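K.L.:
If you want the building blocks of each chain, they are given just below.
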Amino acid sequence: MSTELNEPVAHPPSASPPGPSRRTFIVTTTAVGGAAVAGGLVTAQPPPGAEETAAAEAAPTSRVTLTVNRKRHTVTIDNRTSLLDLLREHLGLTGSKKGCDAGACGACTVLADGHRVNSCLTLAVRLEGAEITTIEGLADGDRLHPLQQAFIDEDAFQCGYCTPGQIMSGIGCIQEGHTGSEEEIREWMSGNICRCGCYVKIVRAVERAAGGK
Amino acid sequence: MYPFSFTKVSDTREALQAGRRGGRYVAGGTTLVDLMRETVERPHALVDISALPLREITVTERGGLRIGALARMAETATHPVVRRSYPVISEALQLGASAQLRNMATIGGNIMQRTRCTYFRDVTAACNKREPGSGCAALHGFNRSHAILGTSDHCVATHPSDVAVAFAALEAVVHLLGPDGERGVPIVEFLLRPGDTPQREQALRPGELITAVEIPAHPRPLKSGYLKVRDRQSYEFALASAAIALHLRGGVIREAKVAAGGVGTVPWKLPAVEQRLIGERPSAALWADAAARAADGARPLAHNRFKVELLGRTVERQLRTLGGTR
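Just so you know, the protein sequences line up as chains A and B, in that order. Take the first sequence: its letter number 194 is residue 194 in the UniProt record's numbering, and every next letter is one higher. Take the second sequence: its letter number 5 is residue 5 in the UniProt record's numbering, and every next letter is one higher.
Hints in this document: simulated from the structure, not taken from any laboratory. Hints are supplied without guarantee of correctness; some may be wrong.
Claimed, not checked - As a list, the in silico SDA-like pairs of lysine to any residue whose alpha-carbon atoms are at most 25 Å apart:
1) B:K8 x B:E61
2) A:K201 x B:E236
3) B:K223 x B:R293
4) A:K71 x A:A104
5) A:K71 x A:G129
6) A:K201 x B:D231
7) A:K98 x A:I152
8) A:K98 x B:Y2
9) B:K8 x A:G160
10) B:K8 x A:T76
11) B:K8 x A:H90
12) B:K223 x B:T118
13) B:K8 x A:E131
14) A:K71 x A:G141
15) A:K98 x B:T118
16) A:K201 x A:E154
17) B:K8 x A:T61
18) B:K8 x A:T133
19) B:K8 x A:T67
20) A:K98 x B:K223
21) A:K71 x A:L144
22) A:K201 x B:R232
23) B:K8 x A:A130
24) B:K8 x B:H44
25) A:K201 x A:R186
26) B:K8 x A:A102
Claimed, not checked - One-sided and incomplete, this derived list gives chain A residues near chain B with beta-carbon spacing under 10 Å:
27) G103
28) A104
29) E136
30) H178
31) E187
32) N192
33) R195
As the list claims (entries may be wrong) - From the derived model, a few chain A residues whose C-beta atoms are all more than 12 Å from chain B:
34) T67
35) R70
36) V75
37) R80
38) H90
39) D101
40) H145
Every value quoted in this text rests on a predicted model; they were computed, and no experiment measured them. Cβ atoms here follow ideal geometry from the backbone N, Cα and C, with glycine treated the same way.
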């Protein structure tokens, strides 16, 4: 049985809607992001206005050396750069996600010196000598971390956007010893929001990985 | 976010020098960085104080507890002495924020945290706290979560901290170090009601640094606990909360320490409730009668009238939990 569509999937150019398409939007914004990185400036939200533009040109930078997933990096960054932006825009580690950028959703959770933290509220300039672990640093070659495997086994995600943060937070939750009951896991995982509502399976995955320790 | 210079200081002398030059101290940064991104906060210089030796939690000679300003929320909540002797502090900390934020945020920063009023956080809205003289959009706006106690015509925003409510109940003292030396200020005087200067939130002098929060010695045994009522079960600010500590001897309440959160512009001490309890024997009738005084002087707004009753019920339930119902 075939499920192929008979209709052409892509519209011919003449049928394109006016204005920017999703594709041109992505290309444009990526180029802007790339330019910002090339200039050594990673700014989340440059405020509008002429005085800010003038100030941004002289935005103070700092040099910081930190270890990310066992690899040392020395970078010169705009003081405003969050750890999350350093990871995503500068080091190319896009596993940590930017959900709210305000410490309210947990999608950016990483381990800093072994503790789970919100990387969006962590200024990278403060991390001299710190050891960071992100979702990319968990697997041992092709062998997934037990909690990564548990998320697959329990089917603990739908869209997957919150998953890296859930897993990093889950590792913290297990290390801290807060997996005594379903209620305890729920309470200690409350800093990670899942808009798909996969909480039941997320709790099971954390429980499974904790039990396997 | 506006640009800023950055310095990390290694001792308090260096910190005070940077503070005197107008630098803004940053500890955990969970409030400050968030508000800087919203351009509500616009410091031109950040002074990272996280390396200062202000992280210890120690029992004082007088039998109180001194919590270093840089102690993290998470480690303070699980500290053996805090858990054993001051459950109200431990519980208030663990019911605040999320596990991630509690690993970052410090005790000094917690009491310095700014209101969660959405108009304060929205730079396009009128807010006397953010922009003195611009008005208060909350006064006749969506003010369901706002304060009913300690308000003024200029500001009705709540103080968001939980542990500051426990500190207020226990009559904690904030230790400060400034260019003119050390001083201690009771937390209920340290955190300022808005009056007609809502932009002034703490009794801090320029360049002063919080070094510790000290809990004075209280008679033993002290039963204490924190109840937090909110829109969702976890990771949410209080609509109403009660921090209560009771000392009973011979079946009679000798000491009662009661404060409320989520309802005041500052952590709200409830002396009328305390006075009603002292010298009495625990009973369901006593709890109800004492709690009926919790919202004395409340001035509800259009959307938060429910807090008047909620506050009384929160205090009553926590009294019952701590003191039994006989």
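K.L.:
Each of the hints needs a verdict: does it hold here or not?
P.N.:
Right, here's what the structure says about each hint:
Straight-line distance between C-alpha atoms of K8 (chain B) and E61 (chain B) comes to about 32 Å, which puts the hinted pair past the 25 Å bound. The hinted pair formed by K201 (chain A) and E236 (chain B) meets the criterion: a straight-line CA distance of about 23 Å does not exceed 25 Å. As the CA atoms of K223 (chain B) and R293 (chain B) are separated by approximately 21 Å, the hinted pair is consistent with the 25 Å bound. A hinted pair counts as satisfied when its Cα atoms are at most 25 Å apart, and K71 (chain A) with A104 (chain A) does not qualify at roughly 29 Å.
A threshold of 25 Å between alpha carbons decides the hint, and for K71 (chain A) with G129 (chain A) the separation of about 12 Å falls inside it, so the pair holds. Our distance criterion of 25 Å between C-alpha atoms is met by K201 (chain A) and D231 (chain B), whose separation comes to about 24 Å. Among the hinted pairs, K98 (chain A) with I152 (chain A) is consistent with the structure: their alpha-carbon atoms are about 22 Å apart, no more than 25 Å. Restraint check: the Cα-Cα separation between K98 (chain A) and Y2 (chain B) comes to about 20 Å, which is no more than 25 Å; the hinted pair holds.
Proposed proximity of K8 (chain B) and G160 (chain A) is contradicted: the alpha carbons are some 37 Å apart, above 25 Å. For the proposed pair K8 (chain B) and T76 (chain A), the alpha carbon gap of about 16 Å is at most 25 Å, so the pair holds. Restraint check for K8 (chain B) and H90 (chain A): the C-alpha separation of about 23 Å stays at or below 25 Å, so the hint holds. The suggested pairing of K223 (chain B) with T118 (chain B) is violated, with an alpha-carbon distance near 36 Å, which exceeds 25 Å.
The straight-line distance between the Cα atoms of K8 (chain B) and E131 (chain A) is roughly 18 Å, inside the 25 Å bound, and the hint therefore holds. Note on K71 (chain A) and G141 (chain A): the hinted pairing holds, with a Cα-Cα distance of about 15 Å set against a maximum of 25 Å. Distance hint between K98 (chain A) and T118 (chain B) is fulfilled; the C-alpha atoms sit about 21 Å from each other, no more than 25 Å. With a CA separation close to 6 Å, the supplied pair K201 (chain A) and E154 (chain A) stays within the 25 Å bound.
Only pairs whose Cα atoms come within 25 Å are accepted, and K8 (chain B) paired with T61 (chain A) is accepted, the gap being roughly 14 Å. Between K8 (chain B) and T133 (chain A) the alpha-carbon distance is near 23 Å, which keeps this suggested pair within the 25 Å criterion. Distance hint between K8 (chain B) and T67 (chain A) is fulfilled; the C-alpha atoms sit about 19 Å from each other, no more than 25 Å. Taking the CA atoms of K98 (chain A) and K223 (chain B), the gap is about 43 Å. The hint is violated against a cut of 25 Å.
Distance hint between K71 (chain A) and L144 (chain A) is fulfilled; the C-alpha atoms sit about 19 Å from each other, no more than 25 Å. For the given pair, K201 (chain A) sits about 20 Å from R232 (chain B) by alpha-carbon distance, which is consistent with the 25 Å threshold. Simply put, K8 (chain B) and A130 (chain A) have alpha-carbon atoms about 14 Å apart, close enough for the 25 Å limit, and the pair holds. The hinted pair formed by K8 (chain B) and H44 (chain B) meets the criterion: a straight-line CA distance of about 15 Å does not exceed 25 Å.
Taken as a hint, the K201 (chain A) and R186 (chain A) pair is honoured in the structure, with Cα atoms around 11 Å apart against an allowance of 25 Å. For the suggested pair K8 (chain B) and A102 (chain A), the alpha carbons sit about 23 Å apart, so the restraint of at most 25 Å is met. Look at G103 (chain A): its Cβ gets to within about 6 Å of chain B, closer than 10 Å, so that hint holds up. Because the closest C-beta pair between A104 (chain A) and chain B is about 8 Å apart, less than 10 Å, the hint holds.
The beta carbon of E136 (chain A) comes no nearer than 19 Å to any beta carbon in chain B, farther than 10 Å, and the hint placing it at the interface is violated. A least Cβ separation of about 8 Å between H178 (chain A) and chain B falls short of the 10 Å threshold, and the interface hint therefore holds. For E187 (chain A), the shortest C-beta to C-beta distance to chain B is roughly 5 Å, which falls under 10 Å, so the interface hint holds. At its closest, the beta carbon of N192 (chain A) sits 8 Å from a beta carbon of chain B; the interface hint therefore holds under the 10 Å criterion.
The criterion of a C-beta within 10 Å of any C-beta in chain B is not met by R195 (chain A), whose closest approach is roughly 14 Å, and the hint is violated. Remark: the non-interface label on T67 (chain A) is consistent with the geometry, its nearest Cβ contact in chain B lying 18 Å away (cut-off 12 Å). A cut-off of 12 Å between C-beta atoms confirms that R70 (chain A) is not in contact with chain B; the least separation is 21 Å. Its beta-carbon lying about 14 Å from the closest one in chain B, V75 (chain A) satisfies the requirement of being farther than 12 Å from that chain.
Distance check for R80 (chain A) against chain B: the nearest CB is about 5 Å away, which does not clear 12 Å, and the non-interface claim fails. Non-interface call for H90 (chain A) relative to chain B: holds, since the shortest CB-CB distance, roughly 16 Å, exceeds 12 Å. The beta carbon of D101 (chain A) is not kept farther than 12 Å from every beta carbon of chain B, the shortest such distance being approximately 7 Å. Chain B leaves H145 (chain A) outside its interface by the beta-carbon criterion, the shortest separation being 18 Å against a cut-off of 12 Å.
Consistency note: the structure conflicts with the earlier hints numbered 1, 4, 9, 12, 20, 29, 33, 37, 39.
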